[in-house]
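Engineer: Residues per chain are reported as follows:
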Amino acid sequence: MKHQILGKSLKAAFVGLILLLMYAPILLLAIYSFNSVNNIGGWGEFSLVHYEKLFNDPVILNMIGNTVVLALLSALLSTILGTAGALGMYYCKKRVKTAMTVANQIPVINAEIVTALALTITFVSVGIGRSYFTLLIGHMVMCTPFVVLSVIPKLKQMDNSLYEAALDLGASPFKALMKVVLPQIIPGVISGFMLAITLSLDDYIVTVYTRPSGFETISTYVYNATTKGNKHTAATLSSFWALTTIIFVLIVLFVLGSNLLGRKNKEVQK
Amino acid sequence: MKFRFSRKTLGIPYAVFLLFFVIIPMLVILFYAFTTTETDASGAEHFSFALSNFGKFFSDPTKLSTIVYSLVIALVTTVICLLIAYPVAYILAMSKLKKKFVILMLFVLPMWINFVLRVNALREIFNLLSLSPAFEWLQSANYFKTIFGMVFDFLPFMILPLYTTIMKIDKSLYEASSDLGGNALTTFTRVTLPLSMPGIMSGVTMVFLPSMTNYVVSDMLGNAKVTIIGKFIYDYFCNDWHMGSMVALILLIVVFLSTLLTGGFGSEENVRGANL
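Residue numbers (the numbering used here), protein chains in the order written: chain W, 60 to 329; chain H, 66 to 341.
These are computed hints drawn from the structure, not numbers from a lab. Take the hints with a grain of salt, since some may be wrong.
Claimed, not checked - What follows is a list of derived Cβ distance ranges for each label pair: (1) W:A71 / H:V141: 26 to 36 Å; (2) H:K161 / W:P271: 46 to 56 Å; (3) H:T127 / W:L319: 53 to 63 Å; (4) H:D244 / W:L132: 56 to 66 Å; (5) H:L84 / W:V96: 51 to 61 Å; (6) H:D244 / W:A71: 27 to 37 Å; (7) W:L319 / H:Y134: 42 to 52 Å; (8) H:L245 / W:K234: 50 to 60 Å.
Claimed, not checked - To spell it out: a stretch of chain W is covered by chain H in this simulated footprint if at least three of its residues, at any positions, have a beta carbon under 8 Å from a beta carbon of chain H; those stretches are: (9) 74-84; (10) 164-171; (11) 177-189.
Backbone N, C-alpha and C define an ideal beta-carbon position, used for all residues, glycine too.
Produce the complete structure using the sequences and hints provided.
Structural biologist: Structure (structure tokens):
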């Protein structure tokens with residue numbers, strides 16, 4: 060009995076320690092984001108000066124806007140292309156299906172840097188300069204395969220005779236697809252969309268290769284500010300503390316919110 | 066002819082997309098890796114077939130030593146990730162807590178913060194620690210900081226597939242093992258470990274590859290002293306596409322072989338926790 064309690068608390072301590080290590084840097088930044096000092100290590104008084112700087116710096120606001128718009132746009136396009144692609148693939152002849160499945164796996168397993176390099180060299184070789192279009196294609200190459208991978212399992216779970224029943228009852232193929240198939244696979248479509256957003260928001264490498272000159276996202280801007288910190292002062296760096304804290308809080312709220320919603324839905328279903 | 070809608074036609078746009086933006090770029094890499102550009106007397110550039118890219122790269126001792134360092138960094142990162150992630154995944158999967166899903170969420174949650182910002186947070190904490198005399202050695206411990214940063218960043222990629230596979234193991238197998246006289250250790254080594262191999266494999270590939278190629282971590286934490294294979298490709302991208310493609314091709318072959326070995330082309334294990 061004593062052994063079990065000891066074992067249990069050891070396990071809890073181990074998991075707790077790893078969690079603490081993972082969260083310590085973020086929590087430290089969160090604490091310092093409400094402090095007036097510009098360098099971690101000093102200690103001033105409570106202040107919102109970093110948040111003020113963040114919301115008054117047009118360059119930083121611009122790169123945040125770029126990141127969000129790019130993520131939403133590429134996730135939306137990837138979800139449409141990937142959902143249609145998954146449907147087409149699933150009902151194709153075996154040989155075509157296999158070929159597309161393998162091609163779909165290439166960006167998933169490949170190192171991001173190889174995908175980015177190959178795509179950019181191809182574009183420039185055929186005379187397409189780097190622009191917002193190439194950036195968008197780059198993000199879609201990265202995201203769409205994951206949308207396909209989250210829709211396919213839902214298609215496998217679906218009862219195929221439903222679609223045929225809809226056709227027999229006089230629905231056009233398009234209508235049957237929209238009214239019968241789509242509602243069945245929508246959870247996969249949504250999780251694909253969410254995954255596409257997170258992949259795009261997080262990306263550094265594909266963006267750096269395919270972006271037009273002068274275009275900055277959070278990733279590229281923070282990377283440049285911290286590694287080539289010549290023109291960036293401590294003030295810019297400290298506004299990242301505020302940015303990290305805001306993103307962290309938004310994510311926690313989102314997770315809590317979706318959990319609560321999920322619980323409510325379950326209760327309603329009961 | 067009247068266009069008739071069918072489900073198959075929906076796949077055409079994606080098939081075209083895959084052909085132009087996935088298949089053809091891979092062929093372009095192949096082409097560049099095996100050619101060099103020559104400028105003739107009139108100033109026009111033309112390509113010629115050559116294997117010299119490989120020779121040039123592999124006869125350069127500094128390049129080779131960087132590759133070895135990069136492989137060692139990736140290997141150490143992967144092993145540490147596995148040593149931390151396996152117990153965590155195992156404890157969580159075996160736990161009878163009702164709320165264990167919440168704890169798993171806590172491990173996944175940092176993944177949604179932009180990873181450059183996360184690495185930046187770690188950079189700040191290292192700076193803070195190195196102010197105190199006890200941690201002064203951190204200032205020049207570039208390899209330590211790089212590996213720590215990679216573990217910090219890629220740990221969730223290891224925990225998730227491990228947790229999923231350990232959860233899938235049929236609980237009655239444990240009972241069977243103990244009924245047949247196996248103690249806890251035998252049960253672990255003969256039942257749990259072999260059955261969680263697919264999770265280990267997919268976790269290892271998801272950590273090993275980025276830790277060879279994701280140069281953001283090594284640049285931000287390693288004071289520009291740590292070079293990994295990914296940085297090579299970027300440097301070549303700026304001046305020599307043939308060499309860059311050659312390095313990319315080598316990475317491509319490594320990935321392809323490891324995928325064939327682990328049978329990853331058909332599996333849906335590596336969806337990065339999409340269906341969580």
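Engineer: Tell me, which hint numbers fail for this structure?
Structural biologist: Hint check: nothing fails, all pass.
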